[in-house]
Structures are given as C-alpha cells and as structure tokens.
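Number of protein chains: 6
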Amino acid sequence: MAEKILVINPNSSETVTQAIDAAMAPLRIEGGPSIKCTTLAEGPPGIESQQDADRVIAPLLGLLRREERNYDAFVLACYSDPGLFSMREATRKPVLGIAECGLFTACTLGQKFGVIAILRKAIPRHLRYLAALGISGRLAAEMPLDLGVAQLSDGPRTFARLLEVGQALRDSHGADVLVLGCAGMTTYRQKLQAALKIPVVDPTQAAVSMAIGRVCLKWHVAAE
Amino acid sequence: MAEKILVINPNSSETVTQAIDAAMAPLRIEGGPSIKCTTLAEGPPGIESQQDADRVIAPLLGLLRREERNYDAFVLACYSDPGLFSMREATRKPVLGIAECGLFTACTLGQKFGVIAILRKAIPRHLRYLAALGISGRLAAEMPLDLGVAQLSDGPRTFARLLEVGQALRDSHGADVLVLGCAGMTTYRQKLQAALKIPVVDPTQAAVSMAIGRVCLKWHVAAE
Amino acid sequence: MAEKILVINPNSSETVTQAIDAAMAPLRIEGGPSIKCTTLAEGPPGIESQQDADRVIAPLLGLLRREERNYDAFVLACYSDPGLFSMREATRKPVLGIAECGLFTACTLGQKFGVIAILRKAIPRHLRYLAALGISGRLAAEMPLDLGVAQLSDGPRTFARLLEVGQALRDSHGADVLVLGCAGMTTYRQKLQAALKIPVVDPTQAAVSMAIGRVCLKWHVAAE
Amino acid sequence: MAEKILVINPNSSETVTQAIDAAMAPLRIEGGPSIKCTTLAEGPPGIESQQDADRVIAPLLGLLRREERNYDAFVLACYSDPGLFSMREATRKPVLGIAECGLFTACTLGQKFGVIAILRKAIPRHLRYLAALGISGRLAAEMPLDLGVAQLSDGPRTFARLLEVGQALRDSHGADVLVLGCAGMTTYRQKLQAALKIPVVDPTQAAVSMAIGRVCLKWHVAAE
Amino acid sequence: MAEKILVINPNSSETVTQAIDAAMAPLRIEGGPSIKCTTLAEGPPGIESQQDADRVIAPLLGLLRREERNYDAFVLACYSDPGLFSMREATRKPVLGIAECGLFTACTLGQKFGVIAILRKAIPRHLRYLAALGISGRLAAEMPLDLGVAQLSDGPRTFARLLEVGQALRDSHGADVLVLGCAGMTTYRQKLQAALKIPVVDPTQAAVSMAIGRVCLKWHVAAE
Amino acid sequence: MAEKILVINPNSSETVTQAIDAAMAPLRIEGGPSIKCTTLAEGPPGIESQQDADRVIAPLLGLLRREERNYDAFVLACYSDPGLFSMREATRKPVLGIAECGLFTACTLGQKFGVIAILRKAIPRHLRYLAALGISGRLAAEMPLDLGVAQLSDGPRTFARLLEVGQALRDSHGADVLVLGCAGMTTYRQKLQAALKIPVVDPTQAAVSMAIGRVCLKWHVAAE
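Protein chains in written order, with the working numbering: chain A, 276 to 499; chain B, 276 to 499; chain C, 276 to 499; chain D, 276 to 499; chain E, 276 to 499; chain F, 276 to 499.
So that you can see chain A by itself, here it is in the shape it has in the complex (with noise of 0.2 Å):
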C-alpha cells in the first residue's frame, strides 16, 4: 500500500518525536501505510500555554502546505490539538487530532475517564476543549503531574508521579480508565496500565490508528 501518514510534533523537541515514532512501531503494518513522524522545526520546546499552542498554527499550516500531496492522513501530536481545525480547513484530507481521538477512544473503554496533565495551567485549556468536544460528562477528573520538563525525562521520578496520580484518579475520582494528557507520556503507557489494572490511552496511538483506517478508506472530506 503506498498510503502514508504523517504524524507531525508540534514542539521542536526530538525526543519527544523519537518516543512518538517508537510509539508507532506496532501500528506499522508490512504492506499498510507507511507512519512518519516528523518535529515542527518552528515548534516551542514544549505546547504549555495558551500562546504555545496558538502559535504553531501558522507553521503547523506551512508544513501541511509543503507537505500536503506527499501524505494521506495527518495527525496533530499535541494533546492540545492545536490549529486542528484551520488544518482541516486546508485540506481534503483527513486531519485528526490526538486528543480527540485519545478522548473518544477512552470512551470505548470505560465510562469515566481521568486524565493526567503534565501541568496544572493547562487543565483550564483542557477542560475548555473537553466542552467544545461535548464529552465533559464523561470526565472524571484531570489532574497534573506537576513536574517541569526536565523532570520528565527522569524515568522513576515520572513513572512514580504517573502512579500517584493515577490510582488517585482510579481511586478517589473513580476513573476506569485513562487518557495521557502528552504525547511525550507514550513510554509509561504499557508499564502504567499494568500496574493500574485499567486501560490506559495513548493519545498518538489511539489517533493513528483511526488515521490508518481513514487512508485504506481513502476518506477524503470536501475542505470548507
């Protein structure tokens, strides 16, 4: 098959792309669409305000002009989806952001979801978004890991926060299952749903997927 998806990090951060890219081995089938990701090279090093995330749009738009004939489906790896719906605007393909698809694949698997934030100040843009989504009733409740960007590549310091506050969620909130409020969280994914023993949601993932069946159908929109 020679249909391809590009799944595009919208902060400049490497690392973060390269865990998404190892994130995406599984889904990458012998004979199915091929699965590039690719760094916003104009990207902050992390989308955590309000400004971060309206600020890569116009990049964010570049890129899908540059690249728009060479891909089929394009996914947005920020759980803030930002400039998701300008780039469907500007293209007939299909755009898909994770946290949508992160969100409603959650509901797929439990009937209250948690989310875990990397930082508190992003929970009132999440929760903004999970209104204009229409599934604020199926919430739990988000909560924030509250560690800095350098915290997070601490593998224990993380994982440990991870746990804390999921089994809160899980426990006091009473999530069934969770979404990973971060495409850069994708590396605790498995090691955390063990330990929790509820379904816990990769956003890239869950919209990769979604994206994969988007191509083979060849589900081109009419642009607005």
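Certain hints may be false.
Copies of the same chain are indistinguishable here, so a pair counts whether it falls within one copy or spans any two.
Only pairs whose alpha carbons sit at most 25 Å apart, straight line, appear in this in silico BS3-like list of lysine-lysine [stated by the list, open to error]:
1. K493 to K311
2. K493 to K279
3. K311 to K396
4. K311 to K472
5. K493 to K472
6. K472 to K396
7. K396 to K279
8. K466 to K493
Because the hints were derived from the structure by calculation, they are not lab data. Fair warning: this is a prediction, and the values are worked out from it, not measured in the lab.
Starting from the structure of chain A, add chains B, C, D, E and F where the hints point.
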C-alpha cells in the same frame, strides 16, 4: 500478521453480512489483521426492537465463548450495540460496537452529526444510548427512512429516501456529518457522501478501523 | 379493587424477595391494588454484572408472558432495571423500573442525590443508565459498600458501612437525599434516614407507589 | 386509612378545582388516603405570569400553616410549581409539585416528552424550571395552545387545538409522551391519548399518585 | 448624565447596604449614571431560606412600582436573585440580578468557578438556580463558610474562613475564579483575591457594571 | 478618569471599525474611561474561517504588546473571540471577547438566545465555542444571513434578511433574545429590536459595557 478480527452481524441476514464483508475490502491490509464477517445464526432477520436487541445477547455471548480464542478483537455490527457491555465483561480482548465507534468517528468529522435510522420506532432506543454515551450535545437530529426491510433492498428507492433524509438533516437540522444508523446501509455510503458533500460514516468501517489499531497494539483490557 | 401489581425480583434470592415483600406492607391499602412479590426462579443469586443483568431478560419476558393477563402493572425490582425497555414493548400494561422510579422520586426530595451501591464494579453500569435517563446533573456521587453478598446479611456490619458511606455522600459530596442502589437494602431505609437526617429512598417502594397510581388510573400504553 | 392528601389549586378558579377533583376519582381508593381538592381563595383567576406565580406563595404558605396539622401530604396543582421549595421548608410533611411529578412520570413513559402550554409567554418560565430540574435533555419541545382562558372552556375548539399541537410535538419534534402543561387541561387527557396513541400525562394525577405512596409510607422529611 | 441606577438590598440590614454602597465607589463615574443603594425596609435581617427569598418579592415589586419612574435600571443585590423574573415583567427598564451577573462575569475570568456560600443550607437553592441559568457545567464546587450572621461581622474570623474555603475550592476542586455568594461579603473581595491569586468576583460590582452599560445604551426591553 | 479601553477590530475593514466606533458613542461617559477603536492592520478583510481566526492571533498579540502599557482593558471585537485566551495570558489587564460577553449578556435578557451569523460555514465554529463556554443549553438556534461581504453593506437588503432570520429564530425556534453574530451588524441593532420586539444584543456594546466596570474597579488578574 496473524491477528484476526471477527465482525459479527447479530441479525441472521446473510445479505447484510455480505454487504458488510464487501465494505471491509479496503480495510483488509496485506500483512495486516484478517477481517472475517460472520452471521449470528440465532439472530432475528433484523434487529428492530429492544426485544430483538436483548434477545441476541445470549447467542452473542455463546459465539464469543466459542470464538474467543480464535480472534484478537470483536466488532459488533448492529447500530444498537446489543450486548456490548456484557461482551466486554466476558473477554479481555477488545470488543467494539459500531454505534459508539460510528458516532465518535463522526465527532472527528463535523460538529453536529445527523443519524439516519431505518425505522421511526428505533429512534427513542438510539437516543437513550446516545445519552448513555454522553454525546447527545453533538446530535443535530435523527430521522427515519420509514422503509420496511423488503423495501430496503430496492436500491434506487432506498437511495432516493436516503438522499431526502440526508438533505433534511443537513439543511434543516444543521448536520455537517451523517452516520448511517444500520450496518446494512453500507452500500450507499460513498454515493450518499458524494451527493450531499458532507462526510457520511459507515459505522462498521469506523469500528473495524479502530479495531485494527487495537489488535496491532495487542491492547488487552482486564475483564471485570 | 381488583387491580394487581406484580413485583418481580429478578435474582433468585428468596431472602431478598421476602425483604421486599415486608417493605410493601405500608403500601398495601385495604381496598387498593394487591401487591404480590415474586422471585425469578431462573435469575442468578445476585445481579452483579452486566451479564447478570442481560441474562435475566429472557426469563423476565417469559414470566411477563405467563403473568401478563393476571396483573395490571409490573415492577422490576433490581436497581439495574434489566430488560425494562423490552418488557415495555411486550405489554400495554405499565412496567416500572425501581432505578428510574427511585431516582426520579429522589429528585422530588432533594437537589443532589447520592447513590449507595453494593459493589464498586456496578457503578460504571449505573452511571451509564443514569446518563441514559438524562439526570446525571442531579447526581452528587455514587459510592460502594464494597461488601460481598454474604456480608450483606450481617445486619450491624452492613448498617455501619451504610452509615459511613451515607455520611461521606452527604458531607463530602453534598447529597441531600440518598437512593439505596439495590432492592435488597430496604430493611435499613428508615434507620439510615433517621441517623443521617436526610431522606433515604428505597427504590422499590418508590416504584410501587407510582404503580399504584398507574393501575388506579387504568393507564395502559400502546405497546410498540 | 386516616391519611389525607390536600390538593391545592393556587388559582381562584373553582371550575379548575372541580375538574381536578373529578380527575382524582380513580385515585380515591376505598380504605386509602382521602384526597381533598381546595381552591386558594387569594389566588388570581389564572397563573399566567411569573408575578402570578410569585404572588400566590404567601397565601399558599398561609394555607399550609392553617392546614398543616389536618393533612399528611400536599400537592401543589399548578404547572409552575409556585412556592414549592418554600412549602417544603415550612413542613416536615411531603409537598409535591405537579410539574416535577408530571415530568418525571413522563420520563418513565417515553424517551422525549413534549409539553403543551396554554400561553406562549409561559414557555421561558417553564424552560427555566425544567433546567433547574435537570431534565432539559429529555424535552422534545414545548408548544403553546395560544388560547385565552375564555376560549379554553370551549371544549371542541380547545380539543382541536390540543390535537394539532400534540401532533406537531409527536411528528415534528419526536415526542413519544406528552405532558399537559396546566392542571386545567385534565378533562382532555384520555381523549387526547386515544387520538394521538402516545401516553398523555395529567400532572396532577401524576403528583397525587406519588403522594399516595408517600403518605402510606408515612415518609416525613426533616424541614430545613 | 442624568441616568440613575438603584441597587436594592432586599434584606433589612443597613450594615450590608452600607458595605454595598462603599463597594460602589469605584463605579461612580463623574458624569456617569448615579448609583443609589437602598434597603428593603420590609426585608428580613438576612435571606437565608427559600421562604426568605420568596417573601421579599411582594415588597420588592412594591418598591419597584414606587421607584420605577425615578430610576433607569435596577440591581437586585441578593445572591438568590429573589423576584428577578417578576421584576422583569413589571418594568421595561433593565433589572439585573447579582447572582446571574456575578456568575457570568466569573465565566469571563476563569474556566471553573467556585462559589462561597455563607450557609450550607443555601447551597441546594443556589445549585437549582445555577442549573436554571444553564451553567452548572462551569461550576467547580460551592462550599459554605458555615458562619452565622453575627460571626460574619467579625472580620478576622470571617476572612480566615474565606481563605480556608477559597483555598479548598482552588486546590481541591480546581476553581480558577471565585464568586462571593452573598452581597454582604464585598468588603473582603480584594484582600481575598490578593491572598488566593485568582480572581474573586463581588457579584454586586459585576451586576452594577453591566447596569452602567445598560443605562448608557438606554436599553429598554418590552415587558411581557 | 484616565482609564482607557481599546477595542480591537481584528479584521482590516475600516468601515467595520467605524461602525463599531459609532456604536460606542452612548458608552463614552464624560469623565469615564475613554474608548478607542482600532483596526488590526494585519487582519484579513473579514474573519470568515477558522484559518482567518487563527491567523490574527499573532498580530493581535503583537498589538497587545505594543499597546499594553497604554490601555487598561482590551475588547476583542470579533464574534469568534480569536486569540482571547492567548491574550489573557499575555497581560494582567482585562481582555474581553465580544462573543462571550454578548452571549452572557443575552442570558440576562431572555431564556433562549438566537444567534444571527453572516455565513453558514461559521456556525459549526460558533457552536464549538458555545459548547466550550458551557451555555449550549441556552441556545434556541443559530441561523445564517447567507450574505456575502459585499451584500452586507447594502442596508435595506441586509435588514430585510436580518428581519427574516430574526423572525424565524423567534417564532420557529423560540428565541426570546437575539445576539448579532458579527461586530459589523451593530448598525442594525436598534431597528431590528424595534421590529422584532425582543432584545437584540450587539456583542461589542455588551463587552465594552463589561470592560467599563472592569477598568473602574481596576481589576487586574494575574497572567498565567
């Protein structure tokens, strides 16, 4: 890849199963998971009532028990998602309902989805489920074809009615994406989308797309 | 009055049926409709899972068919309201579920209801139904006793736990009315209400109250 | 049984009180609670505005104080439920509003209720209350008869208009159950239900049904 | 400018009216509308119950009738917005409630608002109104000071309790903006905001701000 | 008073800015805050798509940086509120969006608001934002004028169409208040309100009204 997906048509109509099977063709990736479609022998000719929906749960669970070891994921191909939550208890393997997957997929393609039901009397049942899914806020409206099963096989007449209902959903109710409210309408998807110029979701294709990702990720979830 | 109400306990526990029967005493008006409680012989010892709930639908419909001519209204005495919508299709006579009636009755007694479940794993199923009923906005919280069926019969221990959970729902979650999330807890209602000083609803009493009015009004509704 | 229910018509129309009284006949069980209907002498001829609704609260509380010891439950027979929450503070005995009980009863008879109001200007007030009750999601639509009080007594004309509005609610708005949005329409309930073939709820009958159970259970609730 | 705004404190506490009056100082623009604060002589010392709220409606309407020609807009300075909808019927001039305006203003300052009530028993009444306003989804939580009126005048103790409750709303419930659930807390607004570092809304200031615009625009609305 | 409000028209149409400026006249209080209207030079002629909305964020932030010290509050005069949340991060001074303020103001003037959009394709974007604001429950309907920018300047034709759409929102969808879904329609507000006899909100006037109060109160909020 040795992974296998079983798509179960819980009504006993082989014609519907064959239509579903044909709709799966683009999702059959060389080297990807196999997709087999089967008919629930014990099912009624069509699932038209809550009783029909409830009645197939026991044979569905029987089928699941017999086939559980032979497949890696199961897709329930009836827009009422009958027995979905029971099946999820009965296996650690993924079970996806076409209604939930079709509706969530629609949410990534437009802001307000319209649903085309076959029969008027199915709508309260569908609305109840939509509310349980927590996405009633995304519904534009659901409208029936008001066609009997016999008439449904009459292609031109059915398509004319699909077009009429689809136009009403789009123009009078503001739907910017449609969901076919029955696995048996799949044949008309592309033609209807082309005519209406808004995305039309075949829920079985939506669910199998999600199942492909699920089996690639070997994403087993602890049964209750 | 010759009107007759049949209260069906869909689990096979005669002890539960007897407790329900005792709770009906004040609703047995001399000259009013008779209230008979019966046990679904084919039911499981307790309805603890979605599979248990779905499994009783067929025998419930069988019972309904056998008894339909002998009664004027039917009350389904399980907090999961299993098969409620199928039963409504199968008869023109009123069929009331104790979950819906208990919850709506609670809505006339307070602004936020708390629900006491027996098992934690029942909560997602209950929340799904609550959403389908469209009254999730009135929920304070649902919390489990986390007691096994054997322990439930141990009066003092069960009451101590009911008190503990009820206090948490009232004081930490703002419930100003409670619903017992199981027909089998009826024995504790009055004592719990007296201790907590907020209304406590036994859902079977709530449903039978509504059924009395329904049969007096001879309010038959056309089956689908 | 010595229990007594007082149904209070808060408008001063004896004709309406007599119609309510007649509608109570089937609920008067030999040996059951007595049901007395009374007119609030201080009420306006009809409750058509928020001012009308607010104005009756003081005399309603006066009536409650005078009669509190003589009755075991109170039913407020105006679709605006004026003063309901004040009355609940003023007595430990049950006070039920016909709007809340009519609407919750409708929720056990269909998935989407339609409401028939007398006047268009009442609808925003009703919608505000419906939202406060938390069940706006179950509303199909509310439509007015647009008839004056004088015209309302003209049986054939009123019925023709009820039929017209009821058909619109059923066929264009998807209502599968109707609620009469005024205590004074009770006379038409059965005929309207027979004509439309969907359940039609007289809210006063719904509320008194629930009150019967309440008094049988001697269910007093602590006043605030 | 000759425009005049009348702020009505519907409880009889002159101390509260004086505190409101002081809080209006920054909104008194030289050349802008005058802002007069008045006490409803017939009001209770504090509005602590639904009965208190309902009881002031008649004297409020009396005051409105007497003063209607003398003012251009009216602000109802009680967090229960008692009689708001009756007053709107009684005049074509703007009438604003401090609860609605305080809550909507909070929605422009944060994603989730917390509300600080004086008494626990007020919370169900407030939640009912919040639901009627249709913005329950923006509520983080409402928590009470649990202080009596006498204690409220004790500045340091009240502030300590405001701080404690405010911190709980911010840190445990995720509020990023607070609303003072009583006109009488206005004195503490700035100090509380400075301590908590999230916006704190005095609802009377919010309502009068909106009233200033309304009178400048001479925005009369047809009474019902 | 030295306080200054800057109203930013993010499209480059000076005609629209002039119309906004004229609509501000009644809000310019002698002695009150000054209100200056400015055009975003870098903006597109009209904001008609999500791309248009996203594209203005960077220049809006640039303008804010340049002018932040010169003004005390900022009003974003585009019904899409583009960049609102980024701007709020970038300054401690109040930033108000006309969509949010127009909608919340409408909620104080009626129970169900109708929105008049210029273009049909803007509606899904508006509905997404309405859901994010959490007030979808108050929407009657949103309908488009379906006029191009050129046609919009043709007064009589535009007004005829506004009247037609406004009547449909009022009579068929139950709106009892209207919001003009574009800063550029302000000229027609009074005439439309007079013709329809329900309140019509110009969202820029609503936002500037709220901004006046904000600057009077010197209400700075900590930037994220």
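Point to revise | Copy assignment of K472 with K396, given that the CA separation must stay at most 25 Å | key: For K472 and K396, the Cα distance is within 25 Å only across copies (13 Å; inside one copy 28 Å).
Practice item. State whether the alpha carbon distance between K311 and K396 is at most 25 Å within one copy, between copies, both, or neither. Key: Answer is neither: 31 Å inside a copy and 32 Å across each miss the 25 Å cutoff.
Exercise for review: Go through the copies and call it for K466 and K493: within, between, both or neither, with a Cα cutoff of 25 Å.
Suggested key: between (35 Å within a copy, 14 Å between copies)
Exercise for review: Check K396 against K279 for me: Cα-Cα at most 25 Å, and say if that holds within a copy, between copies, both or neither.
Suggested key: The answer is neither: 35 Å in one copy and 30 Å across copies each exceed 25 Å.
Check your understanding: Are the CA atoms of K493 and K311 at most 25 Å apart within a copy, between copies, both, or neither?
Key -> both (18 Å within a copy, 21 Å between copies)
Practice item. Give the relationship of K493 and K279 under a CA distance limit of 25 Å: within one copy only, between copies only, both, or neither. Key: both (11 Å within a copy, 22 Å between copies)
Check your understanding: When no copy is specified for K311 and K472, does a C-alpha distance of 25 Å or less occur within a copy, between copies, both, or neither?
Key -> neither (31 Å within a copy, 30 Å between copies)
Exercise for review: Using 25 Å as the alpha carbon limit, work out where K493 and K472 are close: within a copy, between copies, both or neither.
Suggested key: Classified as between; 15 Å across copies, 36 Å inside a copy.
Of the numbered hints listed earlier, those contradicted by the structure are 3, 4 and 7.
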